[in-house]
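What follows is each chain in one-letter form.
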Amino acid sequence: MSDKQRITVTVNDQEHDLLVEPRTLALDLLRDELRLTGTHAGCEQGVCGACTILVDGKITRACLMFAVQLDGCSVETVESLGSPDGTMHPIQRAFSENHGLQCGFCTPGMLMVTQELLRREPRPDAETARAAIAGNHCRCTGYQHIVASVCAAGRAMSEAEHQHVDRQDVEHQGARA
Amino acid sequence: MKPAVFSYQSPRTLDEVFGELAEHGSDARVLAGGQSLIRLMNARTETPGVLVDINRIPGLDEVTVEDGVVRIGALVRQRTSEVSPVIREHTPVFSEAGAEVAHVSVRERGTVVGSIAFADPCAELPTALVALDGEIVARSTRGERVIPAEQMFLGPYRTALAEDEMAVEARLPALPTGRTGSAFLEITRRHGELPVCGVASILRLDDDGQITEARISVGAVGDRPQRARAAESALLGRTTDPEVWREAGELAAREIEPRPTVHGSSAYRRHLASVVTRRSLSRAAARALEGAHHV
Numbered sequence: 001m002s003d004k005q006r007i008t009v010t011v012n013d014q015e016h017d018l019l020v021e022p023r024t025l026a027l028d029l030l031r032d033e034l035r036l037t038g039t040h041a042g043c044e045q046g047v048c049g050a051c052t053i054l055v056d057g058k059i060t061r062a063c064l065m066f067a068v069q070l071d072g073c074s075v076e077t078v079e080s081l082g083s084p085d086g087t088m089h090p091i092q093r094a095f096s097e098n099h100g101l102q103c104g105f106c107t108p109g110m111l112m113v114t115q116e117l118l119r120r121e122p123r124p125d126a127e128t129a130r131a132a133i134a135g136n137h138c139r140c141t142g143y144q145h146i147v148a149s150v151c152a153a154g155r156a157m158s159e160a161e162h163q164h165v166d167r168q169d170v171e172h173q174g175a176r177a
Numbered sequence: 178m179k180p181a182v183f184s185y186q187s188p189r190t191l192d193e194v195f196g197e198l199a200e201h202g203s204d205a206r207v208l209a210g211g212q213s214l215i216r217l218m219n220a221r222t223e224t225p226g227v228l229v230d231i232n233r234i235p236g237l238d239e240v241t242v243e244d245g246v247v248r249i250g251a252l253v254r255q256r257t258s259e260v261s262p263v264i265r266e267h268t269p270v271f272s273e274a275g276a277e278v279a280h281v282s283v284r285e286r287g288t289v290v291g292s293i294a295f296a297d298p299c300a301e302l303p304t305a306l307v308a309l310d311g312e313i314v315a316r317s318t319r320g321e322r323v324i325p326a327e328q329m330f331l332g333p334y335r336t337a338l339a340e341d342e343m344a345v346e347a348r349l350p351a352l353p354t355g356r357t358g359s360a361f362l363e364i365t366r367r368h369g370e371l372p373v374c375g376v377a378s379i380l381r382l383d384d385d386g387q388i389t390e391a392r393i394s395v396g397a398v399g400d401r402p403q404r405a406r407a408a409e410s411a412l413l414g415r416t417t418d419p420e421v422w423r424e425a426g427e428l429a430a431r432e433i434e435p436r437p438t439v440h441g442s443s444a445y446r447r448h449l450a451s452v453v454t455r456r457s458l459s460r461a462a463a464r465a466l467e468g469a470h471h472v
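If you read the protein sequences in the order shown, they are chains A and B.
Start counting the first sequence at 1; every next residue gets the next number (the working numbering).
Start counting the second sequence at 178; every next residue gets the next number (the working numbering).
The hints are simulated quantities; they were obtained by calculation from the structure and are not laboratory data.
Zero decoy hints are in this set.
Cβ-Cβ distance ranges computed for the label pairs, FRET-style:
| hint | chain 1 | residue 1 | chain 2 | residue 2 | range |
| --- | --- | --- | --- | --- | --- |
| 1 | B | T318 | A | K58 | 29 to 37 Å |
| 2 | A | K58 | B | P333 | 25 to 33 Å |
| 3 | A | K58 | B | T416 | 45 to 53 Å |
| 4 | B | L191 | A | S74 | 25 to 33 Å |
| 5 | A | Q102 | B | R233 | 40 to 48 Å |
| 6 | B | R233 | A | P122 | 30 to 38 Å |
| 7 | A | G57 | B | L466 | 37 to 45 Å |
| 8 | A | C43 | B | P333 | 18 to 26 Å |
In silico SDA-like cross-links for lysine to any residue, where the CA-CA straight-line distance does not exceed 20 Å:
| hint | chain 1 | residue 1 | chain 2 | residue 2 |
| --- | --- | --- | --- | --- |
| 9 | A | K4 | B | A181 |
| 10 | B | K179 | A | R31 |
| 11 | A | K4 | B | P188 |
| 12 | A | K4 | A | R31 |
| 13 | B | K179 | A | Q45 |
| 14 | B | K179 | A | V47 |
| 15 | A | K58 | A | S74 |
| 16 | B | K179 | A | T24 |
| 17 | A | K58 | A | R130 |
| 18 | A | K58 | A | L36 |
| 19 | A | K4 | B | Q186 |
| 20 | A | K58 | B | N232 |
| 21 | A | K4 | A | D17 |
| 22 | A | K4 | A | G72 |
| 23 | A | K4 | B | D230 |
| 24 | A | K4 | A | L19 |
| 25 | B | K179 | A | Q5 |
| 26 | A | K58 | B | V260 |
| 27 | B | K179 | B | T222 |
| 28 | A | K58 | A | C73 |
| 29 | A | K58 | A | H137 |
| 30 | A | K4 | B | T224 |
Built from N, CA and C at the ideal position, the CB exists for glycine as well.
If we strip away everything but chain B, and leave its shape as in the complex, we get (with noise of 0.2 Å):
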């Protein structure tokens, strides 16, 4: 198997990364894990004349905690992110969902941001990453922007990155202590494979048991993943209680446009996207009464 020729270029400063997109534009792709990237090059779906290989950067592979926001940085691979104490314990949605991407061989390569540029639209990690009101930190010679994860996806495989700019930075926002549960569920057809369906939810309750926040993210069901909004604010104010759940799975379902696929057909992952956030969200439930987040 042979990509399409291609320059390389093997920068050790972000400034000549972004020198290097600023010149070559939508001819130019950043290598960061290559675990998407690498399989459409060997297919030929993707030919860049520039590949802008950012491994040998350094500083980029941190995972930080700042203002009880967890950042993590270009190169902080789907492995690490997955069984790093940090992440777990401020954003343990987060640690669920990056479990289920792939395999352990990709994991150990392929990296959290460079899935969220990829912006799959089945993807777990952007999927948690818009329950979590994330951010992307978008920089390129202009300057530096801060992206809200709701805006940053804008269809499969599309983002709100211009041409010239590289995502550096996830930014995730520690969950509140106390009675606060997450969880992340997925169907997929086989193990490791992309899910059918996925569904990242926060519940947070007060003393009494009444949910006091609620979030609920849908992913691989539509072009990408998206906010239940109705689900969210019909929650508020119940406690919990199977049938809430199942209320809230229903007008979820009603929020999202699935695309019907050769994996499944418009009113199958309708009805998946019903089940699976009543799961996920009953479980989320059950961690915030446990009254500390579990994975």
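So that you can see chain A by itself, here it is in the shape it has in the complex (with noise of 0.2 Å):
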């Protein structure tokens, strides 16, 4: 057994002090130690896309980086996005409604991908929907919800997006009248 090494790292805002054995996956760090277990262990050879986490805000592979390399790194995983009360983040909220899921194993990972794209893309299409899952495997659905989810996902944020702009420009007049 080699020795464990201490890593200090902020999942979804939480920082964790951590002994970890060099040859822990990122993946199992999160899902074993951490309890989790929104990210999957699909392939874990860096095939299907399911363990997508974002790793300083790129997408990443947790079953291609040990956990000892996450030392001093920002992750957000699937549990980043909803709230405790239940209630979902727009994203998944697009998922449920657009059918962009059915046995839900792939879900995680699509989610996060759409998390990065929105950031660099708001108002996706669905060619760049497609081009960004394209890493992410799903035998279920075949695709089209998960694309018009992705598409729907944008849409609903921008329009939140503008309407929280709206509404502090009606304040901000409000405060000046």
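Since each chain sits alone in its own frame, please combine them into the complex, following the hints.
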């Protein structure tokens, strides 16, 4: 058994000070140590995309990174999206409303890819959405509804953003008046 | 999934890396992006005793141009290379090949130099490197040497790197300006997979539209990316014409030794080499005629 290494990693805004064995994958740290089982272990060889997380904002396959490499990094998992009270994130709501999932196994990866995409491309068209999810396998939906969900999430979040800005404008004008 | 036990080293300087490699030899592996190595470690196909993680070493993640040569450091991610304006301007065929590597999530972590050092015979970047007459800078405690691309790849997953050497940089000579065109084209069974055949080609034309320089690198069909020298020679002095591309494709297919695999018989791969070479040349010529490099 090789020596454990001490790491500090921020997962979903919560800082953890951990001792990890070097051969522990980032995926297994999240699932087994931190009990964040939303990140799914699929192929464990970088093909299926079910374990996709964001590391310092970049989409990453948690099965192809060692936990020890996360030292000093900020990680986002699918658990960062919803609220404990069951309120869904707009991306989750879009997948729910547009039948973007059936068995749900690939969904955490799909949601995290969508999260990253919408940050740099708030209103993706179908082609952009398709390219973004190209590295994630789904064996149920045939992808059509997932593409529709990604686009719908973009629309919903952009509109919410505009309404928020409009409201701020109104409040701002109200304050002036 | 659990890789076998290994000792993890995360040095802050290259000299420490060379020291580890000199001490442990074939029992040590360099970890850069890990998108191939960790997959093999998960399957326990690879069981290094010492893993030397270079990700914390500063200064290796830069793309620079010096005297017409693009230099790509050992930690430059494939995604960074793919979208780099510098690489797109000077060696567009490398950007075009880079966009075909796996998927974005893999390219965000996987490195250019790592892919070259891994030497998968199907991989896109080695094929483009060979077309560009690129070089690999190898360093160890014994010093530094520069390995030309064609001498780098010895066979599937085998390179000219010695056990104690690390590939620290890839060098790509910029394509000539003017009427030069290049193209990378591949056939994959499914989107994002390794190609069954991939061809990088570069064509240079004179003012009369005659071919003055031709480079063709055929990847994935043989045991390593290889130049199709007979096809290249046959193209010199010819004009851009579909019949010329067809002839060159057939010559290129005869020069290679296709491996039969589950993804295609030797005959099928030879056929693919001919077709993909023809299409790649045709696209490179169209770009050369436009007078500038395009991706």
